[in-house]
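For the sequence shown, the numbering used here gives the first residue as 178, with consecutive numbering after it.
Hints listed in this document are in silico derivations from the structure and should not be mistaken for laboratory results. Mixed in with the good hints, there may be bad ones.
Under the rule of at most 25 Å between Cα atoms (straight-line distance), these lysine-lysine pairs were calculated in the BS3-like manner [claimed, not checked]:
id, residue 1, residue 2
1, Lys420, Lys348
2, Lys588, Lys764
3, Lys208, Lys223
4, Lys510, Lys223
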Amino acid sequence: MSTSSVGISTSLGVSSPGIGSGLDVTGIISKLMAVESQPITLLSAKEASYQAQITAYGTLSGALSSFQSSLSSLTNASTFQSLSATPADSTIFTASSTPGATLGNYAVSVNALAQAQSLTAAGQTSSTAAIGSGTSTTLTFSFGTITGTASSTGVYPSGTTFTQDPTQATKTVTIDSTNNSLQGIRDAINAAGIGVTASIVNDGSSTPYRLQLTSTTGLTHSMEISVSGDATLSNLLSYDVTKAAGSGQNLTQGLAAQDANLTVNGLAITSPSNTVTDAIPNTTLNLLKTGTTSMSIANSTSGVASAVQSFVNAYNSLNSAISSLTSYDATTKQAGLLNGDVTTMTIQNRLRGVLTQPIPGLANTSFTDLAQLGVSVNQNDGSLQLDMNTLQSAIASNPSDIAGLFASVGKATDSLVSYANSSTNTQPGTYAVTVSQLATQGNDVGNVNLSSGITLTTSNNTLNVTLDGNTQSITLNPGTYTSSQLASLVQSTINGNSSFAGAGSSVAVSINGTSGFMTIQSNKYGSSSNVSVAASGAGTALMGGTGTSTAGVDVAGTINGVAATGSGQFLNGATGTAVDGLQLQIKGGSLGSRGTVSYSQGYASTFNTILSNYLSPNSIISSAQSGINQNITDITNQINAMNQYLTQVQSNYQAQFTNLDVLMGQMQSTQNYLTQQISQMSYTYKNYG
178 MSTSSVGIST SLGVSSPGIG SGLDVTGIIS KLMAVESQPI TLLSAKEASY QAQITAYGTL
238 SGALSSFQSS LSSLTNASTF QSLSATPADS TIFTASSTPG ATLGNYAVSV NALAQAQSLT
298 AAGQTSSTAA IGSGTSTTLT FSFGTITGTA SSTGVYPSGT TFTQDPTQAT KTVTIDSTNN
358 SLQGIRDAIN AAGIGVTASI VNDGSSTPYR LQLTSTTGLT HSMEISVSGD ATLSNLLSYD
418 VTKAAGSGQN LTQGLAAQDA NLTVNGLAIT SPSNTVTDAI PNTTLNLLKT GTTSMSIANS
478 TSGVASAVQS FVNAYNSLNS AISSLTSYDA TTKQAGLLNG DVTTMTIQNR LRGVLTQPIP
538 GLANTSFTDL AQLGVSVNQN DGSLQLDMNT LQSAIASNPS DIAGLFASVG KATDSLVSYA
598 NSSTNTQPGT YAVTVSQLAT QGNDVGNVNL SSGITLTTSN NTLNVTLDGN TQSITLNPGT
658 YTSSQLASLV QSTINGNSSF AGAGSSVAVS INGTSGFMTI QSNKYGSSSN VSVAASGAGT
718 ALMGGTGTST AGVDVAGTIN GVAATGSGQF LNGATGTAVD GLQLQIKGGS LGSRGTVSYS
778 QGYASTFNTI LSNYLSPNSI ISSAQSGINQ NITDITNQIN AMNQYLTQVQ SNYQAQFTNL
838 DVLMGQMQST QNYLTQQISQ MSYTYKNYG
């Protein structure tokens, strides 16, 4: 915060050119006051210098903040672990991989692309004219699998079956007098968001306007459409492949639903989508056409090189800003605003010192300093220089170790213990880990034998579920289900609930092969994980109404010998200790000692911690600014006091010189009188002697 200076008053607004003497009183006082006010001029100049320093500190803080922002992605190890997935023929598919994907070469054959079923209704003469009477009509869409092959005209023969997928809920659309045109039907279906896209095509015939319905890709997304209400709409839109053309099978199929079919290293894989995410772990394939090619997953040298270059550029921008503030030009004898400033020199030396220090806590690595990556310090100006050839060689030799030189990295000796997170409070080091309790998941176990399956009707298909503290009413599709179909139905319906999904909650449902009892288990871990089913409706039919509900528990243990806080599977280091902010995930395993975790902060993370301190409200920059602002306040007070003093001095001068002017005027009058008298006396004497 800065304080504005106070102006100097040098005149009382009184002009006295000399009442009787001709004396320039105003001019004399002005010159005297100019001398008297010289201390204020000096103080004002000093204040301006302080204000410039405040501005310079603001520039310094801005440069530090920009540097910290540039480091945000560089503090994450994943930034330096980017992978490239490269197909030999990218016209067949494109691919991308994330850290965790297995490096290597893959043979991929795309035998069929996923396809959505497309149905076309009979042509109409108008797309806007009303169809039918306008009676409220319900279109019910079911999704599943068709067995059989349609003819070239898009009609399925007798004997074709449709099996509804229990994991996909039935959807409805209402048509009435407000929307019973082709356009209205199209818009109603699209607005319903049921996984079906409606469009109108013009085939150029005498009845050119035809409604087309396209489902989501995948074999199990074939449509069955039942229409209740207006008969004309039923004749137009009913679609049941078990019935004859025109007698229930009233639309024709243009494209059949099918899954994508591919092989990866000879292993057959099917996918309902052309975006395949589960064929290769941490790798996504975007299928474009059928064909065979190879794909290589490797470390992305360009991604790692770009990250290192970003670090060098960010540091050099900060170094340039500080150098400008602390510079001195011997030719012009002009110095930067913070030249010689102790605070700035402390910061500059601290930052430069980081670059020459080894990374504490960094274990089992190929690289220990920046020079091994081709990064060196220019001794003339302190900037960083990058030798790209040296960096590329380092990336080729051991790319996974480069992350440790820049980011926060944790490595556990136990394969079921993993480093999850840290904070600026976490100190580098190697810490022992013990586990006294593993995290568990909440579940509810029923007592009804469902081995033979069950039939759900509208009277027993409502399931009231409390999942992770959130209670929702779930409606299951009526039908007859085997035990495996039932488990799939309950799981997909619960997981499809928007409230549960929005809270990040989901379940896994299974039926015990021996007892036939259903288990609904939360996919979360810890004390916030719980499942309970109310003893009504489907709850009674599926769980018996007296199921056993067990809440999950949090992991418990110690890090560095101090009790840690458990949250789900995560152990959090104790506040105020060396492991403050250290978070470990305990995925399973035994109780007792679980080895050690080595934690290190690379250069980017170390800088981030230091910068957080320098940019905090209690930093040395803030202290320096507070000191300067106090100096400005003191100067302002001095100027105010001196202005008051000068006002009085000027008033005194005004009175004194005004009196002098009057006195000199009187003396001038006396002189004139005496001169006149003497002249008169001389005249008298001369003429009248």
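Going through the hints against the structure:
1. Lys420 - Lys348: holds, 21 Å
2. Lys588 - Lys764: Holds. Lysine 588 to lysine 764 sits at ~15 Å (cutoff 25 Å).
3. Lys208 - Lys223: Holds, at about 23 Å.
4. Lys510 - Lys223: holds, 19 Å
Comparing the model with each numbered hint stated earlier shows that all of them hold.
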